[in-house]
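A.B. asks: Residue strings, one per chain:
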Amino acid sequence: MSLDRRTFFKAFGVAGAALALGKTAEAASSSDSDVEFMGVLYDASRCVGCQTCEFACADSHDMEFPEDAPDFGITRRTDHTSRTIVNWHELPDGGEGYSKAQCMHCNEPACYTACLTQALYKTKDGPVIWREDKCMGCRFCMISCPFDVPKTEYGSNNPRIIKCNMCYHKWENDRSEIPACVADCPYDALMFGTRREILDEARRRIIENPDVYHNQIYGEKEAGGTSWLVISPVPIEQIGFNNKIKYKSYPTLTKGFVSSIAPVDLLLPAFLLGVYEATKVRTKNTEEEEI
Amino acid sequence: MNQTTTIQYGDNKGTNSWKFFLSELKPKTKIFTPFNIITAPIILAGLAIIVYRFIYGLESVTNLNQDMPWGIWKAFNVVVGVAMAGGAYVLVFMTHVLHMKKYSPILKVAVLNGLLAYIFYSFALILELGRPLDIFNVIIGNDYGVSSILFLVAWHFMLYILCLMMEFAPSVAEWLNARKWHKVLMTLTLVAVVFGITLSVLHQGGIGGLFMLAQGKVHPLWYNQYMPLMFVIQSVFGGLALVIVIVTICWRIFAYQLDEKTKQAKNPIFVGLSGICALSMFSYFFMHVIIFAHEQNWTYIGTGWGLWYLFEMIPFVVVPMFMFLYGYKLKKINLINIAAVLTLVGIFLNRMNTALIAYNVDAPLRYVPTIWEVIVSISIILIQIWVFRWIVLRMPVLRKSPDWASGGH
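So the protein sequences, as listed, match chains A and B.
Residue 0 is where the first sequence starts when you use numbering that gives the first Met the number 0, and the numbers rise one by one after that.
Residue 0 is where the second sequence starts when you use numbering that gives the first Met the number 0, and the numbers rise one by one after that.
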């Protein structure tokens with residue numbers, strides 16, 4: 000089954016078809032469409048906020064290790080020095096909970112739709128990656144991302160976009176590898192698999208333990224579905240996730256406008272020329288009448 | 000066309016034209032005017048800040064943060080500025096496509112303003128790019144992001160600058176007395192006009208389209224699915240309002256360049272433009288009302304944002320709309336001038352709200368521009384005014400074209 004991938008290309012197909020007929024058609028018909036998106040399931044009920052994932056992530060991306068630790072009731076955020084962050088939340092009922100934040104790897108990403116050089120790129124395997132040789136640093140990805148994921152290095156005169164890439168650099172060509180945070184998690188809170196597998200697993204856990212989990216798989220439908228899924232013992236907004244994100248995927252917001260560009264570009268000049276000719280004849284006649 | 004007489008400057012023999020060109024580079028007016036004394040230091044400071052920004056990165060001069068990735072260089076100089084540069088395509092449509100000869104005295108001013116605005120605003124845009132050297136990726140196709148609205152805006156922007164250059168080029172040829180070039184350039188005008196209008200409509204709308212992707216981030220009072228359409232309508236009356244302001248100023252400062260006929264053409268032109276503004280503002284306002292009702296936005300009216308929205312809509316959209324209407328009916332030029340200024344404030348507020356003030360309102364980090372950002376923003380506009388003046392003093396923008404040019408139409 001490759002529903003995710005097909006709907007993904009369907010959304011882009013209409014938009015892209017106007018300007019890149021051959022390219023989209025080729026992509027949609029290639030055998031790649033049978034590849035399923037990979038994803039990660041994060042189970043907040045198993046997370047203890049040990050920060051191992053943060054260290055594993057920094058190690059995998061050759062970045063500085065985090066200097067601060069999750070603190071009760073304090074919201075830490077990802078920035079240009081960290082691609083993932085663990086937070087220790089105070090719940091409304093007085094209890095406590097943990098959450099891990101990183102890129103959600105949308106099936107139809109807003110950032111990919113936004114990017115004018117395809118620097119932010121939805122790979123055929125699922126991860127949304129940033130490609131340094133394409134990016135011109137306009138930061139439209141940051142404007143558009145509903146999860147506020149892409150971060151940039153304002154201090155540099157050649158800044159990069161920093162975001163989780165699901166460790167695609169590790170496992171793209173070597174499927175024995177898995178994302179660093181998943182590999183190192185000591186409490187099994189993270190699970191790496193095809194999106195279908197992790198969705199099934201999330202459903203199974205919720206159905207088998209209805210007392211433990213709040214009945215929502217965050218990322219199943221949000222922003223058109225994401226490759227990263229979250230299940231939690233409490234309503235998801237209580238552990239810092241934005242639960243107001245609409246189910247509609249972001250490319251559909253601009254699809255109508257983008258697909259109208261090529262027709263307008265072709266039809267409006269013809270129309271204007273017609274008006275030009277029509278009004279020109281009339282002024283000539285009136286001039287002749289006046290003379 | 001009589002080619003042998005009226006040789007004023009050069010006669011197309013290299014040396015004379017070159018001498019003429021050098022003499023034209025010298026300042027033509029007094030150097031130490033109050034305007035120059037005030038603006039020159041600001042421009043120099045702005046240029047210094049720009050150099051500093053490219054050496055030490057955006058953080059050294061701007062307050063941009065991870066929640067507010069676009070600052071005033073994009074929001075003010077690009078998003079606001081482009082709306083106000085819309086006068087060029089509207090007037091070109093009226094005079095060239097609809098053959099409304101009445102408006103041709105102000106056409107060149109509007110086109111020159113549009114051309115300079117686009118050149119300087121794309122410069123402002125490059126200033127805010129993190130990796131400006133990679134801007135060529137958009138052009139040479141190191142992977143085209145064809146589904147991106149920004150890709151559309153970038154290309155339509157670039158091509159439209161070309162069209163504006165082609166539209167203005169005959170004036171440059173008249174200045175340089177390049178008659179053969181003038182003849183060739185005149186034949187290209189219609190192409191530039193037709194494609195220029197098309198490109199304008201699409202990139203004006205595209206800038207509104209950019210923010211459609213920021214669903215849930217732009218405050219609902221400013222976010223709607225008709226943003227591209229709204230931005231195009233804004234560019235009609237916003238562009239014309241700026242043309243009214245610029246023409247008023249030019250007709251005063253450069254009065255000595257104008258012949259009597261052109262001088263007297265101003266008021267009837269303003270009355271006509273005022274009618275267009277009033278009606279397009281009415282359609283804009285009505286769209287706002289429909290969206291307001293349809294999206295059930297009255298729930299926000301009691302909040303601070305609601306009041307801020309009303310502050311934008313009533314004094315700066317509804318009031319100038321009626322002023323334009325009465326200005327049109329009663330032929331009151333002063334009323335039209337005031338309405339034009341109010342309209343520009345309204346466009347400024349609406350676009351700043353969309354791109355900056357009401358963007359990402361729930362985010363922990365807010366953005367207030369640094370004094371350095373403000374200086375750069377202002378100096379970009381000041382440089383534009385300096386270049387505008389330099390050109391008006393030399394080329395036939397306000398004054399009549401030489402006889403050889405107007406004869407061979």
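A couple of the hints might just be wrong.
[To be verified] Now the in silico label distances, taken between C-beta atoms and shown as ranges:
(1) 140(B) x 92(A): 30 to 40 Å
(2) 131(A) x 286(B): 36 to 46 Å
(3) 302(B) x 74(A): 50 to 60 Å
(4) 41(B) x 92(A): 25 to 35 Å
(5) 301(B) x 74(A): 27 to 37 Å
(6) 174(A) x 301(B): 32 to 42 Å
[To be verified] Calculated from the model, a selection of chain A residues having no Cβ within reach of chain B, i.e. all distances over 10 Å:
(7) 60
(8) 64
(9) 91
(10) 181
(11) 192
(12) 198
(13) 207
(14) 220
(15) 250
(16) 268
(17) 272
[Said to hold, decoys possible] No farther apart than 35 Å at their CA atoms in a straight line, the calculated lysine-lysine pairs in the DSBU-like style are these:
(18) 330(B) x 123(A)
(19) 279(A) x 399(B)
(20) 330(B) x 169(A)
(21) 216(B) x 245(A)
(22) 216(B) x 279(A)
(23) 279(A) x 262(B)
(24) 279(A) x 330(B)
(25) 216(B) x 133(A)
(26) 279(A) x 260(B)
(27) 216(B) x 247(A)
Read the hints as simulated data drawn from the structure, not as lab findings.
Just so it is clear, CB atoms sit at the ideal spot from N, CA and C, and this is done for glycine as well.
A.B. asks: So, for every hint listed, does it hold in this structure?
C.D. replies: Right, here's what the structure says about each hint:
no.: 1; hint: 140(B) x 92(A): 30 to 40 Å; in the structure: violated, 55 Å
no.: 2; hint: 131(A) x 286(B): 36 to 46 Å; in the structure: holds, 42 Å
no.: 3; hint: 302(B) x 74(A): 50 to 60 Å; in the structure: violated, 24 Å
no.: 4; hint: 41(B) x 92(A): 25 to 35 Å; in the structure: violated, 57 Å
no.: 5; hint: 301(B) x 74(A): 27 to 37 Å; in the structure: holds, 29 Å
no.: 6; hint: 174(A) x 301(B): 32 to 42 Å; in the structure: violated, 56 Å
no.: 7; hint: 60; in the structure: holds, 18 Å
no.: 8; hint: 64; in the structure: holds, 20 Å
no.: 9; hint: 91; in the structure: holds, 18 Å
no.: 10; hint: 181; in the structure: holds, 25 Å
no.: 11; hint: 192; in the structure: holds, 29 Å
no.: 12; hint: 198; in the structure: holds, 24 Å
no.: 13; hint: 207; in the structure: holds, 33 Å
no.: 14; hint: 220; in the structure: holds, 15 Å
no.: 15; hint: 250; in the structure: violated, 7 Å
no.: 16; hint: 268; in the structure: violated, 5 Å
no.: 17; hint: 272; in the structure: violated, 6 Å
no.: 18; hint: 330(B) x 123(A); in the structure: violated, 64 Å
no.: 19; hint: 279(A) x 399(B); in the structure: holds, 24 Å
no.: 20; hint: 330(B) x 169(A); in the structure: violated, 72 Å
no.: 21; hint: 216(B) x 245(A); in the structure: holds, 12 Å
no.: 22; hint: 216(B) x 279(A); in the structure: violated, 48 Å
no.: 23; hint: 279(A) x 262(B); in the structure: holds, 27 Å
no.: 24; hint: 279(A) x 330(B); in the structure: holds, 29 Å
no.: 25; hint: 216(B) x 133(A); in the structure: holds, 26 Å
no.: 26; hint: 279(A) x 260(B); in the structure: holds, 24 Å
no.: 27; hint: 216(B) x 247(A); in the structure: holds, 15 Å
In summary, the numbered hints that this structure violates are 1, 3, 4, 6, 15, 16, 17, 18, 20 and 22.
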